[in-house]
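Residue numbers (the numbering used here), protein chains in the order written: chain P, 5 to 258; chain S, 7 to 311.
Since the hints were made in silico from the structure, they are not lab data. Please note that a few of the clues may not be correct.
Stated by the list, open to error - Partial list, derived from the structure: chain P residues whose beta carbon lies under 7 Å from chain S: (1) D21; (2) R22; (3) L24; (4) F28; (5) A32; (6) K79; (7) I81; (8) K84; (9) L90; (10) L94; (11) S181; (12) R253; (13) F257.
As the list claims (entries may be wrong) - Pairs of lysine-lysine, DSBU-like flavour, derived with a Cα cap of 30 Å: (14) P:K83 to S:K145; (15) S:K122 to P:K16; (16) P:K84 to S:K33; (17) P:K84 to S:K145; (18) P:K84 to S:K236; (19) S:K29 to P:K16; (20) S:K236 to P:K83; (21) P:K51 to P:K197; (22) P:K6 to S:K145; (23) P:K51 to P:K84; (24) S:K225 to P:K83; (25) P:K16 to S:K145; (26) P:K6 to P:K51; (27) P:K83 to S:K287; (28) P:K84 to S:K269; (29) S:K122 to P:K19; (30) S:K182 to P:K79; (31) S:K287 to P:K79; (32) P:K84 to S:K131; (33) P:K6 to S:K182; (34) P:K79 to S:K145; (35) P:K16 to P:K79; (36) S:K29 to P:K6; (37) P:K19 to S:K33; (38) P:K83 to S:K33; (39) S:K131 to S:K182; (40) P:K84 to S:K182.
Quick reminder that beta carbons are idealized off the backbone N, C-alpha and C, glycines included.
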Amino acid sequence: MKIGAIAGITFKEAKRDRILYLLFFFAALGIVASRVLAILTVGDRVKIIKDVGLASISVFGVLMAILIGTGLVYKEIDKKTIFTLLSKPLHRAEFILGKFLGLVLTLFVMTLVMSLIFLAIVYAHTLKVEGALFVAVGYIFLELVLITAVAILFSSFSTPILSSLFALAFYLIGHLSWGLELILKKMAPGPGKSLVRALYTVLPDLENFNFKTEVVHGLPIPPGIYLSSFLYGVCYTAFILGLAVLVFRRRDFI
Amino acid sequence: MADAIRIDNLRKNFRLGFIPKTKPILKGISFSVRQGEIFGYLGPNGAGKTTTIKCLLGLIYPDAGTIEIFGRSHLSPHSRQSLGFLPENPYFYDYLTASEFLAFTADLFGLDRAEKDERTARLLKLVGLERAAGLPLRKFSRGMLQRVGLAQALINDPRLVVLDEPLGGMDPIGRKEIRDIIVRFKAEGKTVFFTSHILQDIEMICDRVAIIVGGRIVKEGGLRDLVSEKVLFTEVTVSGIPPQAFAGLGESVSAQADRVLLKVYDESRVEEVLALVREQKGRLVSLSPRTETLEDIFVETVTRA
Numbered sequence: 005m006k007i008g009a010i011a012g013i014t015f016k017e018a019k020r021d022r023i024l025y026l027l028f029f030f031a032a033l034g035i036v037a038s039r040v041l042a043i044l045t046v047g048d049r050v051k052i053i054k055d056v057g058l059a060s061i062s063v064f065g066v067l068m069a070i071l072i073g074t075g076l077v078y079k080e081i082d083k084k085t086i087f088t089l090l091s092k093p094l095h096r097a098e099f100i101l102g103k104f105l106g107l108v109l110t111l112f113v114m115t116l117v118m119s120l121i122f123l124a125i126v127y128a129h130t131l132k133v134e135g136a137l138f139v140a141v142g143y144i145f146l147e148l149v150l151i152t153a154v155a156i157l158f159s160s161f162s163t164p165i166l167s168s169l170f171a172l173a174f175y176l177i178g179h180l181s182w183g184l185e186l187i188l189k190k191m192a193p194g195p196g197k198s199l200v201r202a203l204y205t206v207l208p209d210l211e212n213f214n215f216k217t218e219v220v221h222g223l224p225i226p227p228g229i230y231l232s233s234f235l236y237g238v239c240y241t242a243f244i245l246g247l248a249v250l251v252f253r254r255r256d257f258i
Numbered sequence: 007m008a009d010a011i012r013i014d015n016l017r018k019n020f021r022l023g024f025i026p027k028t029k030p031i032l033k034g035i036s037f038s039v040r041q042g043e044i045f046g047y048l049g050p051n052g053a054g055k056t057t058t059i060k061c062l063l064g065l066i067y068p069d070a071g072t073i074e075i076f077g078r079s080h081l082s083p084h085s086r087q088s089l090g091f092l093p094e095n096p097y098f099y100d101y102l103t104a105s106e107f108l109a110f111t112a113d114l115f116g117l118d119r120a121e122k123d124e125r126t127a128r129l130l131k132l133v134g135l136e137r138a139a140g141l142p143l144r145k146f147s148r149g150m151l152q153r154v155g156l157a158q159a160l161i162n163d164p165r166l167v168v169l170d171e172p173l174g175g176m177d178p179i180g181r182k183e184i185r186d187i188i189v190r191f192k193a194e195g196k197t198v199f200f201t202s203h204i205l206q207d208i209e210m211i212c213d214r215v216a217i218i219v220g221g222r223i224v225k226e227g228g229l230r231d232l233v234s235e236k237v238l239f240t241e242v243t244v245s246g247i248p249p250q251a252f253a254g255l256g257e258s259v260s261a262q263a264d265r266v267l268l269k270v271y272d273e274s275r276v277e278e279v280l281a282l283v284r285e286q287k288g289r290l291v292s293l294s295p296r297t298e299t300l301e302d303i304f305v306e307t308v309t310r311a
């Protein structure tokens with residue numbers, strides 16, 4: 005109930021943010037522009053539409069999560085609305101979870117609308133509904149949920165600008181860390197390999213949520229990957245939220 | 007019966023600056039607020055009043071000491087179930103209307119819909135905002151925000167109300183209304199703990215006060231025990247007599263037109279002044295004995311500390 009109230013107010017606040025609509029405009033533009041790009045391209049036009057469309061949903065969704073998420077907790081502290089909230093019988097963990105769920109709900113609505121535009125354009129070309137596209141969008145959303153948790157973690161102790169940089173770094177590292185896996189395969193056993201393995205274990209691997217290539221090119225996906233990627237997303241999000249709660253619980257609000 | 011608030015040896019240091027330097031804010035304060043009383047917490051700017059309140063509400067963790075609310079640890083959410091708080095210079099979500107904001111705070115106490123609607127309507131009426139209930143808070147003046155703040159502090163029908171500068175930003179009529187509401191709390195058996203710079207208001211409604219200076223409680227007690235009823239001096243305004251005529255009887259504070267304002271420190275001399283006025287056919291405009299006020303005590307205490 006209390007978490008729901010905080011989530012509700014966060015949703016109301018997020019949907020008033022102009023950045024949300026600006027990013028949504030560019031995402032929609034990107035999705036629609038995929039149709040133009042397809043016309044200019046030699047080859048399978050539908051693949052271009054799917055590729056650019058899914059990339060637009062992913063990139064602009066991540067920007068929404070970072071740019072709105074990093075200001076959420078900070079604004080409450082900066083404007084001192086937090087004093088009123090935490091003087092009520094509300095656990096600090098409930099506050100963080102409410103903020104998180106409010107933004108996740110906002111991103112769900114935005115992803116849904118972007119996906120509907122995207123699916124409509126794909127449908128106009130193929131005249132069929134492809135289930136694989138839902139899978140790709142679903143995992144993009146799971147990635148957004150994780151990025152939201154990261155944005156809220158940084159927002160609980162840092163300014164929006166720094167938090168945005170940290171969260172963006174997390175996103176970029178997450179999409180490049182799979183390179184370590186390739187290095188690991190080519191390294192000889194030894195302390196160096198152990199170090200790289202430890203690094204790879206600690207760093208996020210957001211490629212776990214990237215099914216775009218397989219879906220666009222119709223490549224087979226082993227069924228076990230779905231579950232492991234899903235569990236990876238849920239556990240990593242829970243871990244980051246746990247960290248955010250720990251940081252937030254220890255804070256003094258001067 | 008447990009005290010409404012019991013603070014024992016509370017200490018808090020802040021670490022400020024790029025290279026953190028420890029600055030003690032609260033240096034071991036102790037006091038208690040009894041159930042059902044109005045308690046005024048006074049101090050100059052930066053004395054530690056708001057820090058004490060933030061510690062009480064769990065917004066800041068003390069370095070040492072204990073705080074109890076109705077016999078329970080202040081950090082237990084249960085103790086905050088029976089507490090209402092109005093922050094200084096309140097700022098709320100400005101895109102919500104007053105009704106929406108109160109409904110939101112009611113949700114944080116888990117009130118059901120009927121109770122929420124009833125309390126929202128009743129409190130908006132109590133603070134005189136029923137006509138502005140549907141306006142977004144960004145259109146509210148400072149005084150109106152203060153009223154919304156007071157309403158949200160009462161949404162859970164608290165036993166203890168903590169008010170940080172509740173009279174700041176209010177016009178004289180608003181101040182009187184808020185004072186009346188605070189006095190009504192006492193009649194309803196609620197405990198009120200509040201800070202204010204407006205000492206006349208504190209003097210009018212408080213049962214007990216504590217004065218904090220530099221992070222230490224320097225005076226605490228019942229208002230009647232602190233403020234004596236001894237006459238400090240008598241102010242006499244007389245017309246039609248030159249000020250020189252009162253030489254030796256009192257200190258002439260001002261002489262404008264044919265009026266003279268005298269400060270007579272010795273009570274026995276007041277009769278002599280009156281006799282002189284009768285004798286020289288002057289006119290007595292006013293005569294007022296000045297007893298000690300809370301402001302005198304406050305200024306003296308702060309200056310001495």
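Verification of the supplied hints:
1. Hint status for D21 of chain P relative to chain S: violated, with the closest Cβ pair at about 11 Å, above 7 Å.
2. Hint on R22 of chain P is violated. Least Cβ distance to chain S is approximately 13 Å, over the 7 Å limit.
3. With a cut of 7 Å, the hint placing L24 of chain P at the interface with chain S is violated, because the nearest CB-to-CB distance is about 14 Å.
4. Taking 7 Å as the C-beta contact cut-off toward chain S, the hint placing F28 of chain P at the interface is violated, the least distance being around 19 Å.
5. With 7 Å as the threshold, the beta carbon of A32 of chain P stays out of range of chain S, its nearest partner Cβ sitting at about 25 Å, so the hint is violated.
6. With 7 Å as the threshold, the beta carbon of K79 of chain P stays out of range of chain S, its nearest partner Cβ sitting at about 10 Å, so the hint is violated.
7. With its C-beta approaching chain S no nearer than about 10 Å, I81 of chain P sits outside the 7 Å limit, and its interface hint is violated.
8. The closest approach between the C-beta of K84 of chain P and any C-beta of chain S is roughly 6 Å, which is under the 7 Å cut-off, so the hint is satisfied.
9. Look at L90 of chain P: its Cβ gets to within about 6 Å of chain S, closer than 7 Å, so that hint holds up.
10. With 7 Å as the threshold, the beta carbon of L94 of chain P comes within range of chain S, its nearest partner Cβ sitting at about 6 Å, so the hint holds.
11. Against a cut-off of 7 Å between C-beta atoms, the interface hint on S181 of chain P is violated, since the closest Cβ of chain S lies about 33 Å away.
12. Because the smallest distance between the Cβ of R253 of chain P and any Cβ of chain S comes to about 10 Å, over 7 Å, the interface hint for this residue is violated.
13. For F257 of chain P, the interface hint holds, since its Cβ comes within 7 Å of a Cβ in chain S; the closest pair sits about 4 Å apart.
14. At most 30 Å may separate the alpha-carbon atoms for a hinted pair to count; K83 of chain P and K145 of chain S meet this at roughly 17 Å.
15. For the proposed pair K122 of chain S and K16 of chain P, the alpha carbon gap of about 20 Å is at most 30 Å, so the pair holds.
16. Among the hinted pairs, K84 of chain P with K33 of chain S is consistent with the structure: their alpha-carbon atoms are about 25 Å apart, no more than 30 Å.
17. Restraint check for K84 of chain P and K145 of chain S: satisfied, since their Cα atoms lie roughly 19 Å apart, inside the 30 Å limit.
18. Straight-line distance between C-alpha atoms of K84 of chain P and K236 of chain S comes to about 45 Å, which puts the hinted pair past the 30 Å bound.
19. As the CA atoms of K29 of chain S and K16 of chain P are separated by approximately 40 Å, the hinted pair breaks the 30 Å bound.
20. Note on K236 of chain S and K83 of chain P: the hinted pairing is violated, with a Cα-Cα distance of about 47 Å set against a maximum of 30 Å.
21. Note on K51 of chain P and K197 of chain P: the hinted pairing is violated, with a Cα-Cα distance of about 38 Å set against a maximum of 30 Å.
22. Under the criterion of a C-alpha separation no larger than 30 Å, the hint pairing K6 of chain P with K145 of chain S is consistent with the structure, at around 27 Å.
23. As the CA atoms of K51 of chain P and K84 of chain P are separated by approximately 49 Å, the hinted pair breaks the 30 Å bound.
24. For the suggested pair K225 of chain S and K83 of chain P, the alpha carbons sit about 34 Å apart, so the restraint of at most 30 Å is broken.
25. The hinted pair formed by K16 of chain P and K145 of chain S meets the criterion: a straight-line CA distance of about 18 Å does not exceed 30 Å.
26. Simply put, K6 of chain P and K51 of chain P have alpha-carbon atoms about 45 Å apart, too far for the 30 Å limit, and the pair is violated.
27. Simply put, K83 of chain P and K287 of chain S have alpha-carbon atoms about 65 Å apart, too far for the 30 Å limit, and the pair is violated.
28. For the hint pairing K84 of chain P with K269 of chain S, the CA-to-CA distance comes to about 48 Å; that exceeds 30 Å, so the pair is violated.
29. Proposed proximity of K122 of chain S and K19 of chain P is supported: the alpha carbons are some 25 Å apart, at most 30 Å.
30. With a C-alpha separation of about 34 Å, the suggested pairing of K182 of chain S with K79 of chain P is violated against the 30 Å cut-off.
31. The hinted pair formed by K287 of chain S and K79 of chain P fails the criterion: a straight-line CA distance of about 71 Å is larger than 30 Å.
32. As the CA atoms of K84 of chain P and K131 of chain S are separated by approximately 26 Å, the hinted pair is consistent with the 30 Å bound.
33. The hinted pair formed by K6 of chain P and K182 of chain S fails the criterion: a straight-line CA distance of about 35 Å is larger than 30 Å.
34. As the CA atoms of K79 of chain P and K145 of chain S are separated by approximately 20 Å, the hinted pair is consistent with the 30 Å bound.
35. With a C-alpha separation of about 14 Å, the suggested pair K16 of chain P and K79 of chain P falls inside the 30 Å cut-off, and the hint holds.
36. For the hint linking K29 of chain S to K6 of chain P, the alpha-carbon distance of about 36 Å lies beyond 30 Å, and the restraint is violated.
37. For the given pair, K19 of chain P sits about 45 Å from K33 of chain S by alpha-carbon distance, which is inconsistent with the 30 Å threshold.
38. Pair hint K83 of chain P plus K33 of chain S holds up; C-alpha atoms about 28 Å apart against a cutoff of 30 Å.
39. The suggested pairing of K131 of chain S with K182 of chain S holds, with an alpha-carbon distance near 16 Å, which does not exceed 30 Å.
40. Simply put, K84 of chain P and K182 of chain S have alpha-carbon atoms about 27 Å apart, close enough for the 30 Å limit, and the pair holds.
The structure shown violates the earlier hints numbered 1, 2, 3, 4, 5, 6, 7, 11, 12, 18, 19, 20, 21, 23, 24, 26, 27, 28, 30, 31, 33, 36, 37.
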